[in-house]
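Modelling step: build the complete structure from the supplied sequences, incorporating the hints.
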Amino acid sequence: MSQEYPGPTERRREIGQIVSGSLTEGLQMKLCPEESVEDVRAGKFVVVDGQKNEFFSMITDVVLSTSAKGLIGNPPARDDELMRSVLSGTTTYGTVALRPNLMLPKDSADDGEPDLRPVKTIPGHFSAVYSADARDVNRIFGDETKDSKYFNIGTPLDMDDIPVCLNLERFVERSNGIFGKSGTGKTFLTRIVLCGIIKNQRAVNLIFDMHSEYGWKGSYEGDRAEVRGLKQYFREKVAVFTLDPESSRRREAPVDFAVKIPYSQITAEDIILLQNELNLTSTALETSYALVNRFRDGGWISGLLRMDADDMKDFCDTNNVNQAALAALQRKIRVLAESCKSFLVDDGAGGAEDDAVKKIMSYLEAGNHVVLEFGQHTQPLRYMLVANILTRRIHENYVRKKEESLGGKGGEPRPLVITIEEAHKFLSPSLANQTIFGTIAREMRKYNVTLLVVDQRPSGIDGEILSQVGTKITCLLNDDKDIDAVLTGVSNASGLRGIMASLDSKQQALILGHAVPMPIVVKTRHYDDEAFRGSMMESKRSDDEIRKDMDSDFA
Amino acid sequence: MTDEIEVIGEVIESSTTEFVAESKELHSPAPFGSFVKVGMGEVAPATGGQQPNMDDPFDSFRQSAGTFNSTYRDEAGETTAPAIYAIIYGANTGPVDTGRKLRAYWKGETELEVVNPEIGEWLLVTNFRALVVGYCANNSVCRFLPPQPPKLLTPVYPCSPAEVRRLTDRMDFLRTIVNFTGAPVEELLAACIRNAMAQYPEDRRNDFVVSAGKELAALLRDDYDRLHAIIRRIAP
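So the protein sequences, as listed, match chains L and D.
The first sequence begins at 1 in the working numbering and counts up one residue at a time.
The second sequence begins at 1001 in the working numbering and counts up one residue at a time.
Any given hint could turn out to be false.
Straight-line alpha carbon distances no greater than 16 Å define the calculated EDC-like cross-link-like pairs of lysine to aspartate or glutamate that follow [stated by the list, open to error]:
#1 L/69 <-> D/1223
#2 L/120 <-> L/25
#3 L/260 <-> L/365
#4 L/69 <-> D/1222
#5 D/1214 <-> L/504
#6 D/1214 <-> L/80
#7 D/1214 <-> L/25
#8 L/181 <-> L/504
#9 D/1214 <-> L/338
Treat the hints as calculated values from the structure; they're not laboratory data.
Below, the structure written as structure tokens:
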């Protein structure tokens, strides 16, 4: 033990003693009589002071125990204060289940990166358990002020001034997930994480903003009507694209670019992705491929839409396609074209300069971040179609660039994080193998493209993909299936299950995975308060100036 | 601070674990569950200090016998007089001559005192019995049995509040009582905790009772009903 090591009592508060435990089942702590059971919260970060190691652990369960058999049948009267205080901590006491996550040898040097190791043993009997202090949190989760790769995401439970940091460098290395029931703060959390990535320039972002909450401003449940979007924080670095310029105007949200997608960008796979939404039959794929072959210039959609009955008959005869299936496909594509007519344009109407993909790529290559607002087009059909078309092409670009860089022709493409909401629609077991998102989630960082999956129904996401998600940030989830889904691919998940179900419904999240050394429950930091603004704001210009600039861009 | 304290009895039977004393006042023994002390000589510390002279078999006895001084210094001073501490667990009043059965006199109390004063002075006697719970030697309080029992015919004094507080700042005496079989243990525990509590300042009484209760809860962990009965007797 190093001489400098400060005695635990000098900085931490003892809350109990280890009384039993095992490496596989976790540790049992008897709570100190003077500690109230109600102060012990699932998810709290504690340190077990073993003889040779410190064990950084998380509280996973709290049990009321009694050593007297007769007590349960004959509890003290409600007004019997003395009896209650006598029993508390002696005959009746709290037993707390701990899950040790990391251990740190006591003789390791205090300065530099701590020598954190996975837990391979357990502390001895009656080792003291302390609530962690600021120094412990900093040693484990890093310090934002010392290294820009760390980003403050919140504070541990019951420790209000101590930041828990995400390691952004590791965060963008893998696909990540932000999960939680509707209204638990997923969007706020996502904004915070995105702000961190943008501010520390760890990757470029492409955000499919289904509900137009990330770009200029977002809504807020509660006393404030709105909060700032990413654009207001990072004027220079964030470009807002929109599918629905009308909606943006109505919301007075300035945008940089209105996205139009020519029919020629839609492939047969994009249509198949929509098979549930469009109610397509299984023959639709074959029919589509036949059409793609027929219209080799890429104009298969416009070709199909232009076909009349005679054309169809000819086509079916020459290509051995069922005419009824072709007619059905045409009807359905027509519905699609009609419902998306504000941003899907016929090949003739637009031009190369309207190509949203190229525009987005050029922004991303320049190191800018793109928020694509959907405005009124929030139906899953449109969202999925657009997200899939754009992502597929952007991914192709990235693959090409990465291969070129491997061949020595140019630098590595910047890491790209694609944020998708309602991710279970793209990554459901039936679709995960077909959509580009499934591919990205599985192949992970090979091509420097990763996903940030935001979803309220993780059980709808393919298990294979969930198991590959690097860092999971989980707000409250109630459904057992969802909890199970989030814990796919997590070892020793049993303790975390209870924690996840006991999170507060607001501003609390369990973070586990690649970007944090151990799972931890945090009270997430406030988004868009003074402190957050202070740490984010680069541009000192007023909102009006930014708006004026953007309006001129847009015009 | 020095105080003359009044003798309340004299040891007439003595053993290592308990003693019987005759009460100075008829019908007024030391209260049930109260703390008393009997004088004791200095006990030589285990290491250092003056070693007993092995050639003289009476030397060690002399050293430990000593004389008990009725004056003492409380915890604000430096020393506490060497003494054996005990808790009163019973008292009885009866004829001095156990072979002679007492008969009723059919007179009022006042008349009896005037007409037959010899009854109070010669015929009747009040004794009380005390359970030894610890001792003080070399200015340190030991909460276990003394090496030697109290000497016969030595005076018994009530413990001062400071001595009670010093003895009861650890709850070891409760275990001695719990394991005692010659008295109504539940009543005795409750009485002595109430008595000890009264020696603490008002603001510390509740803490004392709770910590005594917690010690009892640990001692009686298999007998919740008994614990409950005792606590009910303590609660004001």
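Going through the earlier hints one by one, which of them does the structure break, listed in rising order? Checked against the structure, the hints that fail are numbers 3, 5, 7 and 9, while the rest are satisfied.
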